[in-house]
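S.K.: For the record, the sequence lines run as chains V and H.
In the numbering used here, each number is its position in the first sequence, counted from 1, plus 448.
In the numbering used here, each number is its position in the second sequence, counted from 1, plus 49.
Bear in mind the hints are in silico, worked out from the structure with no lab data behind them.
Just so you know, even glycine gets a beta-carbon here, dropped at the ideal spot from N, CA and C.
Be a bit skeptical, because a hint or two may be false.
Just so you have them, the derived chain H footprint on chain V, three or more residues with Cβ under 8 Å [said to hold, decoys possible]:
| hint | stretch |
| --- | --- |
| 1 | 457 to 470 |
| 2 | 490 to 499 |
| 3 | 523 to 535 |
| 4 | 686 to 699 |
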Amino acid sequence: MGNTTNPYSMVRSRVLKVVKETPTIYTIRLKPDREVPFDPGQFIQLTVPGVGEAPFTPSSHYRKPETLDVTVARVGKVTDRIHQLSPGDEVGIRGPYGNNYPLEDFRDREVLVVGGGVGFAPMRAVMYGLFDIVSSLAKLLYRGGCRNPSELVYREEMSRWFDRDDLNIVLTVDEGDETWRGPTGVVTTILEDLSLDFESAVAIVCGPPIMMKFSTLKLLEMGFSDSNIFLSMEKNMSCAIGQCGHCRIGPYYCCTDGPVFRYSQIKQYPNIWD
Amino acid sequence: MHYLSHDRLRQLLEKLTSSYSVFVPVEDGSGLQYVPYTSDLEHFDPGQVRAFEPLKLFFQRAREVVAQDYDTDLPGQDKKPVCVVGAKACDLKGFKVLDHALLKGEYEDPFYKRNRERNLIISCDCTTALDTCFCMAMGVKPFPEEAFDINLSPVEGGYLVEAGSKKGEALLEASSGILGEPDQDMMAERGRTRNQVAELVQANIEESGVPDRKSLEGAVRRMYDSEVWADEARTCVECGACNTICPTCHCFLLYDQKNEGKMERLRIWDSCLLKGFARVGGGDNPRPELWMRLRNRFEKKFDFFPEVANVYACTGCGRCITGCPAKIDIREVLGRLVSNG
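The shape of chain V in the complex, shown without the other chains (with noise of 0.2 Å):
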């Protein structure tokens, strides 16, 4: 592409509004002073001026790049002042970076979505960009999983979609409670008795690595090529630009050469999930 502005430089975005999911897991709704258009799957840097920057995949939606959301789960330094925003303050953010779901290679296929934990995060803005082809997609499938019904982010947008009549949709807890009427089980519980055509079905999977494990595993046996699972792949990514080295899989680095790889792709290389 040959860059010659700064690739380390951000723009400027207000805090519009923050949307606590659950205890741990707040929704940000942002203002770009210029708009940061994305395609699903793609990440950007999130900066808290003065503290750090982090990944995230943005969760709304690609043809809404006015403001952008990120659903950030408090696991660090960073995350912890993100979670202490408000509305109005500043942070930056540049980007986007790395590949997107070919989402139009998935016109007149079975789709298989599968989510779990955070993952729910990125797996909102892939849902938009299928919601958006749904019509010439041959089937749409989305299967979540979190830990217990707390857990559980976009509840109320999710209780809409269980209304659509062109998407099947099951979530699960591993871990129910009185709330709870859906399926309890890891995600891979609601992998089984799904009738598609495996050899030609697409997956999408993403969420936490021992969650994408099984559930590749797991569409493996079911009869996916593992040409068409996608996966969206977490690493420590430091540059976002292909050059830092932290997010090194195999011959590929993460932030560039993904982060959504075909398991195809990365399956020869040691400790993928780890």
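Since the structure of chain V is provided, determine the placement of chain H on it from the hints.
M.R.: Just chain H now, kept in the frame of chain V:
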């Protein structure tokens, strides 16, 4: 080819100080260190061996501010470019890796690029070898063949000089008044010195048993589950010296700080031996054990770079051997990989 006497080299460097920060190698008791050239500097020697510090430090700085607030300008661009005198072939080979890592992808590193374009490299043949030198096992000769602007070959009374770039040619043209004609004796002397140094390096290679490039093909992957890694990592103290001192290691970390009300983003050299190198936000670490990180260093150098850039990310400079407080010797590790343990 030209001839340049010792005095004339000083004259040339004197002239270059107006447009460059000129650095020359000086022996300080612990090795050759690059120091700023000044006219009252009594002694410096462009020859000898590679300096203690890797050449990369003039191109990818160990610590630099890369962004301020929301400015899109590149900070720190008012500095003079650097002229490095006495760079050695092993360090120049490092550019093959650095250029690939920092310039050949979808994005270019504008800081590195600017330094590559503006800095001037006056390299020099090695005139001796350290016990740890094994460049020839990595396909590098102990005299520069490429990636320099001007190369010096020490001969009696001065240097044989040749240009290796347009910038070097222009500089020699502009300096024609101080250049002389080389004679046959000088050419013969250059050949003799080069052969002598090559013999020293070859003897090192044979003594240490470091394998050649051919036999290293696929060795890391073949030995991925070997006990060699845990065994070699026993004494590692996770200091990261092998990374910082390496002419091809380029991994870095960004961090932010506030400075006088401004936000600064800094870039510092990082080390893949450090525990947190690949740890992700939630705390998961793909390489929790030190031996895994040691293995990763070899994977990157002898598996990743051959695959993506057709080059081993090792130039045989031997600095990591000298720099390691645990006495981990890359030549022995490579030897064990090839001999299956």
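S.K.: Now look at each hint and say whether the structure bears it out.
M.R.: To see whether the hints hold, each was checked on the structure:
1. 457 to 470: holds (count 4)
2. 490 to 499: holds (count 4)
3. 523 to 535: holds (count 4)
4. 686 to 699: holds (count 12)
Of the numbered hints listed earlier, not one is contradicted by the structure.
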